[in-house]
Amino acid sequence: MIPCLAVLRVRNRRGRGFHLWIPLVLVWILLLPVAVLILPLFLLYCLIGRVRIARAINACQSLFRGLKGMQIEVENRVCSVSLRIA
Amino acid sequence: MNEDRKSILEMLAAGKITADEAERLIAALEKEPRSAAAQNTDSAAKPKPKYLRVMVEATEGHSGEGPTKVNVRVPMQLLRAGVRLTSLIPAQAREQINVAMREHGVNFDVGQLKPENLEELIDQLNELTVDVDQKDAQVRVFCE
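Top line first, the protein sequences correspond to chains L and G.
Whatever position you read off the first sequence (first residue = 1), add 18 for the numbering used here.
Whatever position you read off the second sequence (first residue = 1), add 125 for the numbering used here.
Rather than coming from a laboratory, the hints here were simulated on the basis of the structure.
Mixed in with the good hints, there may be bad ones.
With a cut-off of at most 20 Å between alpha-carbon atoms, the simulated EDC-like pairs for lysine to aspartate or glutamate come out as follows [to be verified]:
no.: 1; chain 1: G; residue 1: K175; chain 2: G; residue 2: E245
no.: 2; chain 1: G; residue 1: K141; chain 2: L; residue 2: E91
no.: 3; chain 1: L; residue 1: K86; chain 2: G; residue 2: D261
no.: 4; chain 1: G; residue 1: K194; chain 2: L; residue 2: E93
no.: 5; chain 1: G; residue 1: K194; chain 2: G; residue 2: E245
no.: 6; chain 1: G; residue 1: K131; chain 2: G; residue 2: E182
Output of the computed footprint for chain G on chain L, the stretches with three or more beta carbons under 8 Å from beta carbons of chain G [as the list claims (entries may be wrong)]:
no.: 7; stretch: 19 to 30
no.: 8; stretch: 36 to 43
Keep in mind the model is a prediction, meaning the values are calculated, not measured.
Yeah, the Cβ is synthetic: ideal placement off N, Cα and C, and Gly gets one too.
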């Protein structure tokens, strides 16, 4: 299943900051027209590069699915930023 | 009596092998299932790692903001997907990559990289922790 939510947390050294809950479902929906526009280029790439289309789609799909559980935290003296994909 | 044991005894009866050789072969046959069973129990006891954790602690950041900590948790699923993405590399580009890698002393065929190979690597990573200690940074890579 593709990730549905991303949580962005930014905090400064005083402990002030914000949490941003990003519903990725909406992002995916917004990106859908872009995907439709990219599709012919993608198919062209598959034809020129002699890449199997089914395998290419499967690889892209598994890339999106694999994002679930990803966590990145960066912290220094000035601020800390954390991104979690759920 | 299983087929292997029977064929060993038949070879002994036919005089193709000596009694010592037959004994050694039977002993080897007995060891095989035991070691396979031991491996199975080992893999069953240890849960498969789900994430690859990379932790970096630098004493001084590049732009001088003081000590910097980076903590990245990468799902194994994403690593598997990354390996699958190699199938998207066109054949000509793949050959160019192989040549470039060979020039740098890495004799490796990107086309041979498959998710099954990654599974073996992940199994080995389960017991491995990579620690890099440098003057200005510490890097730790492990699975969890």
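Going down the list of hints, with the structure as the test:
1. For the suggested pair K175 (chain G) and E245 (chain G), the alpha carbons sit about 14 Å apart, so the restraint of at most 20 Å is met.
2. Distance hint between K141 (chain G) and E91 (chain L) is unfulfilled; the C-alpha atoms sit about 68 Å from each other, more than 20 Å.
3. With a C-alpha separation of about 32 Å, the suggested pair K86 (chain L) and D261 (chain G) falls outside the 20 Å cut-off, and the hint is violated.
4. For the suggested pair K194 (chain G) and E93 (chain L), the alpha carbons sit about 5 Å apart, so the restraint of at most 20 Å is met.
5. At roughly 30 Å between alpha-carbon atoms, K194 (chain G) and E245 (chain G) are farther apart than 20 Å, so this suggested pair is violated.
6. Restraint check for K131 (chain G) and E182 (chain G): not satisfied, since their Cα atoms lie roughly 62 Å apart, outside the 20 Å limit.
7. Coverage of the stretch 19 to 30 of chain L by chain G is violated. Counting CB-CB distances below 8 Å, 0 residues qualify, and the rule asks for three or more.
8. With 0 residues carrying a beta carbon less than 8 Å from a beta carbon of chain G, the stretch 36 to 43 of chain L misses the three-residue requirement, and the given coverage is violated.
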